[in-house]
Amino acid sequence: MSLMKKTIVRSLVLGAVAALTVPAALAADISGAGATFPYPIYSKWAATYKDKTGTGLNYQSIGSGGGIKQIKAKTVSFGASDKPLEAKELDDAGLTQFPAIVGGVVPVINLSGIAPGELTLDGATLADIFLGKIKSWNDPAIQKLNPKAKLPSTLVAVVHRSDGSGTSFLFTNYLSQNSAEWKDKVGAATAVEWPAGIGAKGNEGVSGIASQTDGAIGYVEYAYAKQNKMTYTKMINHDGKTVEPKSETFAAAAANADWVNAPAFYLILTNQPGAESWPITGASFILVYKKPDDAAVVGEVLKFYDWAFKNGQKAADELDYVPLPAKVVEQVEASWKANIKDAAGAPLWK
Amino acid sequence: MNSNAQVATYSPAAAIPPAALRRHNLWDAVFRGATRAASVLVLLLLGAVIAALIHGSVPSFKAFGFGFLTSETWNPVTEKFGALPAIYGTVVTSVLAMLIGIPVSLGIAIFITELCPRWLKRPISTAIELLAGVPSIIYGIWGLFVLAPFLQKHVQPLVISLFAGVPGLSSLFAGPPYGIGTFTAGIILSVMVLPYITSVTRDVFETVPAVLKESAYGLGCTTWEVVRHVMLPYTRVGVIGGVMLGLGRALGETMAVTFVIGNAHKIASSILAPGTTISATIANEFAEAEGDLYTSALIELGLILFVITFLVLAAARLLLLRAEMKGR
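Chains as they are written, first to last, in the numbering used here: chain A, 3 to 352; chain B, 16 to 343.
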């Protein structure tokens, strides 16, 4: 009996010791939290990176707002946000940011007789649709942009995200730039007071309702639209050219953007110039401290993203993300050198 | 006789060694302490939750005061928030769920206890219990992909045209038929509360003494009369308890509602229109809420839900109390 008790006690002690030593073994791992949009690519990069270097990445996709809160509370080594922080907010918190991956938002429709890419819209018309001003699909404004299309008189059913989302931020930001009325009445944010339509949770909710409702229009991340073969629309961009949503047009928007003159990379990639630029493009950002308490770990974060920028393109393509253009990577790494220092003031990135 | 004699000479002090007695008392004390600690823990947790909710809602309360309860605006961009659409949606979906759920649940419970052939009892009971075990996200997805399109194509157009000319009802059932909205959320909720109400009422119906029912049947009562005048009065307390359990679930249900209610911060006269509930709003917006005021407004919504649930429970107690008084 007592022997058995001893055995139990011993195994309990061993178990406790094992439990205590596990964190030590994981100490080399990086922890991050934030945006859900880049989660699939970050986790794919992390798995490959762990195989190569042994350094793991623990990324919690809790949403951009949560990521910002977590990095400010210093519970993670980096935060991730689909919406860049303004320079002042960064300075107040002692943070710096850089873009890590690019993606696009695509309007999707469900209209019988209209094939993917057959319909073209522009920013002002899209804003009027989401304002509830354009009520049926054969509205003159839509017909004018699509003189050849046979548009039915079906009622427009607007579908938007009900959860706070970086996708909604990019979309409303784009509409604000193209419609004064939208800017005044609604504005741009991860969640807004939608003037019309149904709110659906997540990309899956929007695509679910859009695919069930004749006459529906919504917006989803590009990867989602592509993988589910949804009926997307073309858009008329800043330069007045009609563009298709695809990796090349997102990359064009990222490359044509004026990163050099954007303080702390505060740049939203919507409505960028360039004949090839998709107008509703956005970057997802990483937030780290300029003088981190855990300098060694943040050094690992930078190493990870450096590796991802240089080796992660293929994985990004497979998941329908757009890697940062090489030109932008150079600028990002230069900003690391200039801004992120250890306790002694030496740059963490050399 | 022999054993009797033994009992007579049995002296506890002599038979139980003092050490055993002490150990006995000690264990009792430990047990009492442990159970009391568990109960106190519940009170502490509840207190902590209330304190956290109140503390979290201070910024929002300072900014909006009681206007928060009556304002229909919900604008994260200008940071103007009001809870009325969410409160309205929560109440309306729960009432709808109860309107549909209570009669069906009572019907099932009565059928199982009174009318069901023995071989069918087990399958129906098992089905009800399985229904209770289905995760709410599954109800949500089923509601979005199966129920909503069905309602949109077959039920809502019919309802809309049926009531089109009737004053009052025509605005209550006004189109367009989106498929999702307050009405659909109410239906999903009624399915979700069904197993709770059914299993509780079935259990209490089983406790009705057979002799009461049989004497009623003997007097020539129909089954309905037996249910109405014997079973329901006898099990009143339990039935109300079951209904309250269901209502509690309906008020707080989050995931399934979020999928099918349409999440619009608006109060529409039509129950077919999209709306929102308190828990759906919190689930949707908390993760990405930026700024203290936004977060605080969401926490205040949570506090309001807490208060509503408390009021419902209090009302149930009052109802029970009155029912007992009347019973005497």
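Simulated from the structure, these hints should not be mistaken for laboratory data. For every residue, glycine included, the Cβ atom is placed at its ideal position computed from N, Cα and C. Any given hint could turn out to be false.
One side of the interface only, derived from the structure: several residues of chain A facing chain B at Cβ under 7 Å [to be verified]: (1) Pro197; (2) Val331; (3) Gln333.
Below, simulated DSSO-like cross-link-like pairs (lysine-lysine); rule was C-alpha separation at most 30 Å, straight line [claimed, not checked]: (4) Lys135/A / Lys77/B; (5) Lys329/A / Lys292/A; (6) Lys136/B / Lys231/A; (7) Lys168/B / Lys187/A; (8) Lys168/B / Lys71/A; (9) Lys168/B / Lys90/A; (10) Lys76/A / Lys168/B; (11) Lys168/B / Lys135/A; (12) Lys152/A / Lys168/B; (13) Lys74/A / Lys343/A; (14) Lys95/B / Lys74/A.
Counterexamples of contact, computed for chain A against chain B with all Cβ distances above 10 Å [said to hold, decoys possible]: (15) Asn148; (16) Gly199; (17) Lys203.
Hint check results:
| no. | hint | in the structure |
| --- | --- | --- |
| 1 | Pro197 | violated (10 Å) |
| 2 | Val331 | violated (28 Å) |
| 3 | Gln333 | violated (27 Å) |
| 4 | Lys135/A / Lys77/B | violated (36 Å) |
| 5 | Lys329/A / Lys292/A | holds (23 Å) |
| 6 | Lys136/B / Lys231/A | violated (47 Å) |
| 7 | Lys168/B / Lys187/A | violated (34 Å) |
| 8 | Lys168/B / Lys71/A | violated (44 Å) |
| 9 | Lys168/B / Lys90/A | violated (52 Å) |
| 10 | Lys76/A / Lys168/B | violated (51 Å) |
| 11 | Lys168/B / Lys135/A | holds (26 Å) |
| 12 | Lys152/A / Lys168/B | holds (25 Å) |
| 13 | Lys74/A / Lys343/A | holds (18 Å) |
| 14 | Lys95/B / Lys74/A | holds (25 Å) |
| 15 | Asn148 | holds (24 Å) |
| 16 | Gly199 | violated (8 Å) |
| 17 | Lys203 | violated (5 Å) |
Of the numbered hints listed earlier, those contradicted by the structure are 1, 2, 3, 4, 6, 7, 8, 9, 10, 16 and 17.
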